[in-house]
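**Q** Sequence:
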Amino acid sequence: MRHLVVPFALNALRRGRSIEQFLGAAGTPEAPGIRWAELRPTAEGFALVVHLAQDIGGEGSYDLVEFPSFEREDGEEDFGCQIAVVDEPLAALTIAEKRLGAGRDRWVNQGMAGDEYRDYVRAGRPPCLSASQSEAECPET
910 MRHLVVPFAL
920 NALRRGRSIE
930 QFLGAAGTPE
940 APGIRWAELR
950 PTAEGFALVV
960 HLAQDIGGEG
970 SYDLVEFPSF
980 EREDGEEDFG
990 CQIAVVDEPL
1000 AALTIAEKRL
1010 GAGRDRWVNQ
1020 GMAGDEYRDY
1030 VRAGRPPCLS
1040 ASQSEAECPE
1050 T
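Be aware that the sequence shown starts at 910, since it is given in my numbering, and climbs by one per residue.
Don't read these hints as lab results, they were simulated from the structure. Any given hint could turn out to be false.
Subject to a maximum C-alpha distance of 25 Å in a straight line, what follows is the list of computed SDA-like cross-link-like pairs (lysine to any residue) [what the hints assert, rightly or not]:
#	residue 1	residue 2
1	Lys1007	Cys990
2	Lys1007	Gly966
3	Lys1007	Val1017
4	Lys1007	Glu939
5	Lys1007	Pro950
6	Lys1007	Glu997
7	Lys1007	Ala993
8	Lys1007	Ala934
9	Lys1007	Gly967
Using the sequences and the accompanying hints, generate a full structural model.
**A** Right under this line is the structure:
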């Protein structure tokens, strides 16, 4: 079983382990991309980070952290955008659901979101797997 049941996801976070979730398509037809969420324990609590990368992979290339990111308007590469930091792991799951359309039953251990991407490729790259594409935008700082 690839997906973590909620108690296992919460325990992973409490033990200092990150969890991930592949969110699906992003970008445009001219510049296709993908998104995935990461919940990571930090000194401040539990951070929700969304990653956006160019969709350059396939069935034989699915290590998401190796995919090139899109350049931001300032010319810098985007290595993830921290959306929120909360005190409790369950609150982190809830924020991910509300802000990114993440499914509570779709979290995987760190490094396993690439397997979800491979399934996405095999399914023909459907246009949207998550409920909210627009919420992935980083707030202006």
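**Q** For every hint, state whether the structure bears it out.
**A** Against the structure, the hints:
With a C-alpha separation of about 16 Å, the suggested pair Lys1007 and Cys990 falls inside the 25 Å cut-off, and the hint holds. Simply put, Lys1007 and Gly966 have alpha-carbon atoms about 28 Å apart, too far for the 25 Å limit, and the pair is violated. This hinted pair checks out: Lys1007 and Val1017 have alpha carbons roughly 18 Å apart, not beyond 25 Å. Of the pairs offered as hints, the one joining Lys1007 and Glu939 is violated, with about 28 Å between alpha carbons and a cut-off of 25 Å exceeded.
Between Lys1007 and Pro950 the CA atoms are separated by roughly 19 Å; this keeps the pair inside 25 Å, and the hint holds. At roughly 16 Å between alpha-carbon atoms, Lys1007 and Glu997 fall within 25 Å of each other, so this suggested pair holds. Among the hinted pairs, Lys1007 with Ala993 is consistent with the structure: their alpha-carbon atoms are about 12 Å apart, no more than 25 Å. Pair hint Lys1007 plus Ala934 holds up; C-alpha atoms about 18 Å apart against a cutoff of 25 Å.
For a cut-off of 25 Å, the pair hint linking Lys1007 to Gly967 is broken: about 29 Å separates their Cα positions.
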